[in-house]
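Protein chains: 2
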Amino acid sequence: MTMRSEDRLLVRALRREVLPRPPVWLMRQAGRYLPEYRAVRQKAGGFLEMIRAPEHAAEVTLQPVRRFGVDAAILFSDILVPLEAMGMHLVFDEHGPSFPEPLRSRAAIDALRDVDPERAMGFVGEALRRVRRELPDETALVGFCGAPFTLAAYAIEGQGAKSFAATRAMLYRDTSSFEALMGKLATVVARHLHYQIAHGAEAVVLFDTWAGTLGRDDYLRYAAPWTRAVLNELGGATPRVLFVHGGDHLLDDLVNTGAEAIALDWRTPIGGAFERFGERVALQGNLDPAALLATPDEVTRRTRALLDEVAGRPGHVLNLGHGVFKETDPECVAAFVRCAKERER
Amino acid sequence: MTMRSEDRLLVRALRREVLPRPPVWLMRQAGRYLPEYRAVRQKAGGFLEMIRAPEHAAEVTLQPVRRFGVDAAILFSDILVPLEAMGMHLVFDEHGPSFPEPLRSRAAIDALRDVDPERAMGFVGEALRRVRRELPDETALVGFCGAPFTLAAYAIEGQGAKSFAATRAMLYRDTSSFEALMGKLATVVARHLHYQIAHGAEAVVLFDTWAGTLGRDDYLRYAAPWTRAVLNELGGATPRVLFVHGGDHLLDDLVNTGAEAIALDWRTPIGGAFERFGERVALQGNLDPAALLATPDEVTRRTRALLDEVAGRPGHVLNLGHGVFKETDPECVAAFVRCAKERER
Chain A
1 MTMRSEDRLL VRALRREVLP RPPVWLMRQA GRYLPEYRAV RQKAGGFLEM
51 IRAPEHAAEV TLQPVRRFGV DAAILFSDIL VPLEAMGMHL VFDEHGPSFP
101 EPLRSRAAID ALRDVDPERA MGFVGEALRR VRRELPDETA LVGFCGAPFT
151 LAAYAIEGQG AKSFAATRAM LYRDTSSFEA LMGKLATVVA RHLHYQIAHG
201 AEAVVLFDTW AGTLGRDDYL RYAAPWTRAV LNELGGATPR VLFVHGGDHL
251 LDDLVNTGAE AIALDWRTPI GGAFERFGER VALQGNLDPA ALLATPDEVT
301 RRTRALLDEV AGRPGHVLNL GHGVFKETDP ECVAAFVRCA KERER
Chain B
1 MTMRSEDRLL VRALRREVLP RPPVWLMRQA GRYLPEYRAV RQKAGGFLEM
51 IRAPEHAAEV TLQPVRRFGV DAAILFSDIL VPLEAMGMHL VFDEHGPSFP
101 EPLRSRAAID ALRDVDPERA MGFVGEALRR VRRELPDETA LVGFCGAPFT
151 LAAYAIEGQG AKSFAATRAM LYRDTSSFEA LMGKLATVVA RHLHYQIAHG
201 AEAVVLFDTW AGTLGRDDYL RYAAPWTRAV LNELGGATPR VLFVHGGDHL
251 LDDLVNTGAE AIALDWRTPI GGAFERFGER VALQGNLDPA ALLATPDEVT
301 RRTRALLDEV AGRPGHVLNL GHGVFKETDP ECVAAFVRCA KERER
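Sequence order for the protein chains is A and B.
According to the numbering used here, the first sequence holds residues 1 to 345 in order.
According to the numbering used here, the second sequence holds residues 1 to 345 in order.
With the rest of the complex left out, here is chain A (with noise of 0.2 Å):
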């Protein structure tokens, strides 16, 4: 008695089926804000070390569904993985993720590997079928990686920058090697995406995290072209959710780029997105992350007006509008998943 993918409540929303309730989940739901994963990560040794080893990858992931009871379990892992992957030396400390040798030529580009999957992010394939083993049947399993253009920006700053100028600069003083960079990377992301399908993703989730940096302008120059050809080569018999943070000014641009979803940056109101662009795409979203350090009853006053913003239109799944702070107390997550669950009665 297995439950089938399209039967699954995140899949329905995203296929912008009627549903009695939409389905939550949250960005950066395994985290450090919880006690079970912390004790993991103790034990692991670190965070890269976490993602290599699929049992604790595994454990963490499904963490959240069994603390919470969300309707959507996603892997855990970094959007970096890919970069990893095509030989750049990639570091985690107290500061966060940082490439010591970030890339500022196009010999460096020449050199980033071809990525074949299952040889060098085989513990991607095998975290994900130990997740599914063990997932509800009614919980579905989501992929995700990093778009183009926000693996460029890391890889030319080397670091999560605050201007990406050093980006900047090489993509309008040396477009070409830009441009060679961003099919390198369009075509490693698309193959770890069809990758994480082929092992039990039913969602996938482009995270562009740095593309809202961009005027309107640049971006479609520069990075919708590259997520196009991504979001082409993956085609929608999986569904694809695209994330921009910081994106509210290119909302009609990511809409055009033919993802089943849009995830929404808790900026940008969820009842007019609805009502300018609900009959083409799902929207996940939004509730500001920061909200959740209030207290529970607060966290439920504000979802709970999310949902009456959303007016149960069908293509809802509710999330925030962008990952869970690390301070976050976890009964204020709990509150936040019981106002989906409550629509239901």
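Just so you know, these hints were derived from the structure itself, not from any lab.
Incorrect hints may appear among the rest.
Pairs of lysine to aspartate or glutamate, EDC-like flavour, derived with a Cα cap of 20 Å [said to hold, decoys possible]:
{"id": "1", "chain 1": "B", "residue 1": "K341", "chain 2": "B", "residue 2": "E298"}
{"id": "2", "chain 1": "A", "residue 1": "K43", "chain 2": "A", "residue 2": "D78"}
{"id": "3", "chain 1": "A", "residue 1": "K326", "chain 2": "A", "residue 2": "E94"}
{"id": "4", "chain 1": "B", "residue 1": "K162", "chain 2": "A", "residue 2": "D78"}
{"id": "5", "chain 1": "B", "residue 1": "K162", "chain 2": "B", "residue 2": "E101"}
{"id": "6", "chain 1": "A", "residue 1": "K162", "chain 2": "B", "residue 2": "E327"}
{"id": "7", "chain 1": "A", "residue 1": "K162", "chain 2": "B", "residue 2": "D93"}
{"id": "8", "chain 1": "B", "residue 1": "K341", "chain 2": "B", "residue 2": "D308"}
{"id": "9", "chain 1": "B", "residue 1": "K162", "chain 2": "A", "residue 2": "E94"}
{"id": "10", "chain 1": "A", "residue 1": "K162", "chain 2": "A", "residue 2": "D93"}
{"id": "11", "chain 1": "A", "residue 1": "K162", "chain 2": "B", "residue 2": "E94"}
{"id": "12", "chain 1": "A", "residue 1": "K162", "chain 2": "B", "residue 2": "D248"}
{"id": "13", "chain 1": "B", "residue 1": "K162", "chain 2": "B", "residue 2": "D93"}
{"id": "14", "chain 1": "A", "residue 1": "K162", "chain 2": "A", "residue 2": "E101"}
{"id": "15", "chain 1": "B", "residue 1": "K162", "chain 2": "A", "residue 2": "D248"}
{"id": "16", "chain 1": "A", "residue 1": "K341", "chain 2": "A", "residue 2": "D7"}
{"id": "17", "chain 1": "A", "residue 1": "K326", "chain 2": "A", "residue 2": "D78"}
{"id": "18", "chain 1": "B", "residue 1": "K162", "chain 2": "A", "residue 2": "D93"}
{"id": "19", "chain 1": "B", "residue 1": "K162", "chain 2": "A", "residue 2": "E327"}
{"id": "20", "chain 1": "A", "residue 1": "K326", "chain 2": "A", "residue 2": "E298"}
{"id": "21", "chain 1": "A", "residue 1": "K326", "chain 2": "A", "residue 2": "D93"}
{"id": "22", "chain 1": "A", "residue 1": "K162", "chain 2": "B", "residue 2": "D78"}
{"id": "23", "chain 1": "B", "residue 1": "K43", "chain 2": "B", "residue 2": "D78"}
{"id": "24", "chain 1": "B", "residue 1": "K326", "chain 2": "B", "residue 2": "D78"}
{"id": "25", "chain 1": "A", "residue 1": "K341", "chain 2": "A", "residue 2": "D308"}
{"id": "26", "chain 1": "A", "residue 1": "K43", "chain 2": "A", "residue 2": "E55"}
Based on the hints, put chain B in the right spot on chain A.
Below, chain B alone, put in the same frame as chain A:
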């Protein structure tokens, strides 16, 4: 033969007078991208040392006026100076500014000192006097300060953070302490701006760099009232400009604060902003500062396109959508400034 303030091009544009061309200046036009700035910084010994020495602060304020002929000089200082004057220990190092002892308790907030600008920040007044003395007659002098929310966020976090989790936690969980802090800050900010006006500032910019991380409801509840208090306390005799980084979703609310001008982030299409708000406020901006990392020809192309989009509407101040990057080629700044001046022909 001294020109009156109200006849200077910048002030006239902020009053939305019809002009032969828009005035032009650049946020962070005095900065590390200029070799003559780096020379002064080396002589002074550091960033804070430059700010505190009126001869150095005045010199770097004047440099971009001499080199580019911009229509306004903005005093070289830092938005965090008032927090230091209130008793917080401020440090500048290679990671930027930080407060080693961030504000995390009501007691720490209550202990913040009231500020007499002449006694605590007399170097600001003295630098303004020196700049005005040497400034070409037609060039306007601009003062500035951080807005209360941005100052509060820096003080609570201790540094420029991405999520401002500590700030949001205080604002939701200890609202009365947060409001006490905002009240104190609004008083000091208004006093600091009054002081700058008394010493020659002919327009003031209130930088609310971090308010764009707030959703609209939170902005209206936790930031706007104190911005409005500052603006009301100043009155409109000297034009007031308000800038919010990433503030596109807040534009209606920013216009409603009563400021004479809104400085637009580069992601807001300026033509649309003029259509919506051009009868109510002047609009400053908003070329992407990253565009100045391209070639001078590309800067010229983009700046002309921006000016064409504005179509000579009254109330336009040509500027960037954020500060000049330190990696910028001064030739690109020169090309940007030329685009405003060539409109006069």
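Going through the hints against the structure:
1. K341(B) to E298(B): 17 Å, holds
2. K43(A) to D78(A): 19 Å, holds
3. K326(A) to E94(A): With Cα atoms ~13 Å apart, K326(A) and E94(A) stay inside 20 Å; holds.
4. K162(B) to D78(A): 18 Å, holds
5. K162(B) to E101(B): Distance of about 19 Å is within 20 Å: holds.
6. K162(A) to E327(B): 14 Å, holds
7. K162(A) to D93(B): Cα-Cα ~17 Å, so holds.
8. K341(B) to D308(B): Distance ~14 Å between K341(B) and D308(B) Cα, so the pair holds.
9. K162(B) to E94(A): 15 Å, holds
10. K162(A) to D93(A): 18 Å, holds
11. K162(A) to E94(B): Since the Cα atoms of K162(A) and E94(B) sit roughly 15 Å apart, the hinted pair holds (cutoff 20 Å).
12. K162(A) to D248(B): 18 Å, holds
13. K162(B) to D93(B): Judged against 20 Å, a Cα distance of about 18 Å means the pair holds.
14. K162(A) to E101(A): 19 Å, holds
15. K162(B) to D248(A): Holds - the C-alpha atoms of D248(A) and K162(B) are around 18 Å apart, at most 20 Å.
16. K341(A) to D7(A): Within the cut-off at roughly 17 Å; holds.
17. K326(A) to D78(A): 16 Å, holds
18. K162(B) to D93(A): 17 Å, holds
19. K162(B) to E327(A): Since the Cα atoms of K162(B) and E327(A) sit roughly 14 Å apart, the hinted pair holds (cutoff 20 Å).
20. K326(A) to E298(A): 19 Å, holds
21. K326(A) to D93(A): It holds: about 16 Å lies between the C-alpha atoms, which stays within 20 Å.
22. K162(A) to D78(B): 18 Å, holds
23. K43(B) to D78(B): 19 Å, holds
24. K326(B) to D78(B): 16 Å, holds
25. K341(A) to D308(A): Holds. K341(A) to D308(A) sits at ~14 Å (cutoff 20 Å).
26. K43(A) to E55(A): Measuring from Cα to Cα gives roughly 12 Å; hence the hint holds.
In this structure, none of the earlier numbered hints is contradicted; all agree with it.
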